[in-house]
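Asker: Sequence:
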Amino acid sequence: MHEVAGERPKDFIREIIDQDIETGRFGGRVHTRFPPEPNGYLHIGHAKSICLNFGIAQEYGGLCNLRFDDTNPATEEVEYVQSIMEDVHWLGFDWDDRLYYASDYFDQMYGYAVELIKMGKAYVDSLSPEEIREYRGTLSEPGRDSPYRDRSVEENLDLFERMRRGEFAEGACVLRAKIDMASPNLNLRDPTIYRIKHLPHHRTGSKWCIYPMYDFAHCLSDSIERITHSICTLEFEDHRPLYDWFLDALGVYHPQQIEFARLNLSYTVLSKRRLLQLVEERRVWGWDDPRMPTLSGLRRRGLPPESIRRFCERIGVAKRDSIVDVALLEHTVREDLNLTAPRRMGVLRPLKLTLLNYPEDQEEMLEAINNPEDLSAGTRPVPFSRELYIEQDDFRENPPPKYYRLAPGREVRLRYGYFVRCVDYRKDPATGEITEVFCEYDPATRGGDAPDGRKVKATLHWVSARHAVDAEIRLIDRLFDRPNPTEGDEDFRTRLNPDSLQIYRGCKLEPSLAEADPSCRFQFERLGYFIADNRDSRPGALVFNRIVSLRDTWAKIEARLAKSSNHDRD
RNA sequence: UCGGGGGUCGUCUAAGCGGUAAGACAGCGGCCUUUGGAGCCGCCGAUCCAGGUUCGAGUCCUGGCCCCCGAGCCA
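1 is the number of the first residue of the first sequence in the numbering used here; add one for each residue after it.
Rather than coming from a laboratory, the hints here were simulated on the basis of the structure.
We treat Cβ as the ideally placed atom computed from N, Cα and C, and that holds for glycine.
Keep in mind that a hint or two might mislead.
[To be verified] Here are the simulated lysine-lysine pairs, DSSO-like style, with alpha carbons at most 27 Å apart:
| hint | residue 1 | residue 2 |
| --- | --- | --- |
| 1 | Lys457 | Lys402 |
| 2 | Lys556 | Lys402 |
| 3 | Lys457 | Lys427 |
| 4 | Lys352 | Lys402 |
| 5 | Lys121 | Lys207 |
| 6 | Lys427 | Lys402 |
| 7 | Lys197 | Lys319 |
| 8 | Lys207 | Lys197 |
| 9 | Lys556 | Lys457 |
| 10 | Lys455 | Lys352 |
| 11 | Lys10 | Lys319 |
| 12 | Lys352 | Lys272 |
| 13 | Lys197 | Lys178 |
| 14 | Lys556 | Lys455 |
| 15 | Lys178 | Lys118 |
| 16 | Lys197 | Lys121 |
| 17 | Lys197 | Lys118 |
| 18 | Lys402 | Lys455 |
| 19 | Lys319 | Lys272 |
| 20 | Lys563 | Lys457 |
[What the hints assert, rightly or not] Ranges of calculated distance between the beta carbons of each label pair, as one might list FRET restraints:
| hint | residue 1 | residue 2 | range |
| --- | --- | --- | --- |
| 21 | Ala541 | Arg165 | 54 to 60 Å |
| 22 | Glu170 | Lys121 | 22 to 28 Å |
| 23 | Arg273 | Leu139 | 56 to 62 Å |
| 24 | Asp552 | Glu170 | 35 to 41 Å |
| 25 | Lys207 | Asn187 | 46 to 52 Å |
| 26 | Pro381 | Glu235 | 54 to 60 Å |
| 27 | Pro399 | Asn357 | 22 to 28 Å |
| 28 | Asp325 | Lys121 | 45 to 51 Å |
| 29 | Glu115 | Asn185 | 20 to 26 Å |
| 30 | Ala377 | Val252 | 52 to 58 Å |
Using the sequences and the accompanying hints, generate a full structural model.
Answerer: So this is what it looks like as structure tokens:
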């Protein structure tokens with residue numbers, strides 16, 4: 001069941017906002033922003049932040065900006081800004097005309113830097129990067145003042161202007177805030193606020209060769225946009241004093257920075273660096289590989305955006321580090337799809353089943369329910385004939401205990417079809433593999449009910465061999481083989497799950513799927529939820545991804561059986 | 001070692017700012033079923049530790065312990 005909206009208690013951020021509204025701190029306004037750096041693709045961790053920022057704005061009747069934090073031309077590209085906009089939209093949020101770039105404020109920021117210099121609160125340092133590091137001190141020892149710390153305002157103004165004009169090589173000097181080289185907070189030991197980079201910027205071209213650092217650019221961007229609550233992740237906690245310092249020093253509008261714990265998901269990694277590694281080393285097909293936790297990967301895999309939003313609501317927002325079980329995501333997806341996905345029949349690993357007493361040239365249409373959770377979805381005709389395919393897993397020559405499916409002499413139901421009893425089967429003598437099963441059907445059970453009231457313990461999905469369409473099916477599993485792949489000494493890349501992607505060709509689908517495209521998600525009965533691949537699938541050459549499997553209680557029983565028989569051998 | 005954060009069922013999140021530790025996921029068991037699906041019912045299960053204040057502490061105080069972040073001219 002879906003939880004009743006509004007019953008969930010508020011998280012600490014919304015409590016802060018409530019208080020600020022009560023005290024009239026920002027005139028009752030709520031204005032947030034989602035500020036990605038366009039240096040990679042968005043992943044589900046970003047979805048948490050997007051849902052938080054855009055969600056809060058919606059709830060409070062406020063606004064949320066999309067702002068690209070593009071202050072480092074060395075790593076940023078338009079390709080990424082495109083994908084980020086696409087992903088935010090896909091997730092279901094809209095920034096309307098509130099699309100901004102930190103680079104739009106380069107002129108203003110330059111002006112603010114000049115102001116700081118004039119106040120004697122910033123200086124040009126000509127120490128080398130290595131020297132700056134040495135002078136900074138360590139976690140437990142204070143730093144020392146740079147010999148250039150006391151340059152005159154005039155000299156600093158002149159030097160900074162010349163930095164801007166491109167008179168210096170990269171690394172020759174930087175502009176630093178003059179704060180406190182002995183501060184226990186390293187961020188306050190005269191942080192760099194401008195550095196030289198002779199690189200074109202994807203928006204400002206070659207206009208600038210000096211670029212502001214995050215700490216300087218971010219608080220000012222927030223201030224310029226009149227953001228009320230600047231929500232970011234925990235690692236920025238000890239940057240907050242610096243955020244506040246710049247704004248106070250300049251005497252400008254001052255938003256509140258609030259930090260929350262970023263999302264971690266079991267069996268996956270969510271760091272740009274590691275995801276980039278997977279892509280560059282070709283361990284996955286790309287950023288949108290259906291196994292990737294990127295939004296483009298999840299989209300390709302078929303997860304509905306609503307499910308991701310509901311997942312983000314469910315995990316909550318707090319300050320403690322945590323690893324959310326990916327099973328919760330899967331559960332949320334199943335919950336949505338169960339209600340909405342039309343049912344179809346498809347066979348992953350076909351096993352021929354011939355009905356010995358069904359006339360060779362006969363065929364008929366059976367009526368199948370599209371969605372038992374939503375009868376308004378109606379029914380569809382499914383063709384039936386003498387030769388069918390069933391799932392290899394659904395026949396066992398020697399059925400183990402608790403196995404209810406087809407076996408020699410046993411009767412089962414073909415869904416929406418007939419009761420069939422296995423009278424014979426054929427086996428490849430070389431491999432021992434079952435190659436064909438022969439059954440007799442009971443014409444009186446058409447539709448799946450026996451007039452004499454007899455019961456069967458299993459219902460199998462099937463497709464008519466003559467009418468089936470072929471497809472490739474990709475089963476997607478967790479990318480890593482353990483809950484926390486980055487824990488311990490070993491490289492996370494040694495923890496990849498070798499079975500994260502299983503490709504089956506020659507799968508057989510009911511003919512109504514012939515024209516399927518990525519706009520619709522289906523449940524293939526008893527197998528899971530599937531979607532046509534948004535890159536590789538086309539009519540005549542269908543490719544489906546499994547979004548998520550159905551809950552499989554038989555698999556659990558089987559696993560337990562295997563385990564206990566192992567025990568017996570011990 | 002210094003500074004900043006954080007420790008509640010296996011997991012995630014709650015507990016109107018001192019008053020019966022709650023929900024969801026996972027796990028386990030049952031009912032039901034033309035998907036071994038879905039649904040329904042039940043069970044299991046936690047306040048880091050030690051003191052203190054109090055009629056009463058997850059919440060307040062003291063002292064420990066453990067975990068995360070921080071020494072980019074990255075964000």
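Asker: All hints, please: hold or fail.
Answerer: Now for the hints, and whether the structure bears them out:
1. Lys457 - Lys402: holds (10 Å)
2. Lys556 - Lys402: holds (12 Å)
3. Lys457 - Lys427: holds (25 Å)
4. Lys352 - Lys402: holds (24 Å)
5. Lys121 - Lys207: holds (26 Å)
6. Lys427 - Lys402: holds (23 Å)
7. Lys197 - Lys319: With Cα atoms ~36 Å apart, Lys197 and Lys319 exceed 27 Å; violated.
8. Lys207 - Lys197: holds (12 Å)
9. Lys556 - Lys457: holds (18 Å)
10. Lys455 - Lys352: holds (24 Å)
11. Lys10 - Lys319: holds (14 Å)
12. Lys352 - Lys272: Status violated; Cα separation ~47 Å.
13. Lys197 - Lys178: holds (22 Å)
14. Lys556 - Lys455: holds (24 Å)
15. Lys178 - Lys118: Satisfied, since the Cα-Cα distance of roughly 12 Å is no more than 27 Å.
16. Lys197 - Lys121: holds (23 Å)
17. Lys197 - Lys118: Given that 27 Å is the threshold and the Cα spacing comes to 24 Å, the pair holds.
18. Lys402 - Lys455: holds (16 Å)
19. Lys319 - Lys272: holds (21 Å)
20. Lys563 - Lys457: Given that 27 Å is the threshold and the Cα spacing comes to 24 Å, the pair holds.
21. Ala541 - Arg165: 54 to 60 Å: holds (58 Å)
22. Glu170 - Lys121: 22 to 28 Å: holds (25 Å)
23. Arg273 - Leu139: 56 to 62 Å: For Leu139 against Arg273, whose Cβ atoms are near 23 Å apart, the range 56 to 62 Å is violated.
24. Asp552 - Glu170: 35 to 41 Å: violated (57 Å)
25. Lys207 - Asn187: 46 to 52 Å: The hinted range 46 to 52 Å is violated for Lys207 and Asn187, with Cβ atoms some 29 Å apart.
26. Pro381 - Glu235: 54 to 60 Å: Hint holds: Cβ distance 58 Å, inside 54 to 60 Å.
27. Pro399 - Asn357: 22 to 28 Å: About 23 Å separates the Cβ atoms of Pro399 and Asn357, which means 22 to 28 Å holds.
28. Asp325 - Lys121: 45 to 51 Å: holds (48 Å)
29. Glu115 - Asn185: 20 to 26 Å: With Cβ atoms ~23 Å apart, the hint holds.
30. Ala377 - Val252: 52 to 58 Å: For Ala377 and Val252 the Cβ distance comes to about 57 Å; the hint holds.
Violated hints, listed in ascending order, are 7, 12, 23, 24, 25; each of the other numbered hints is respected by the structure.
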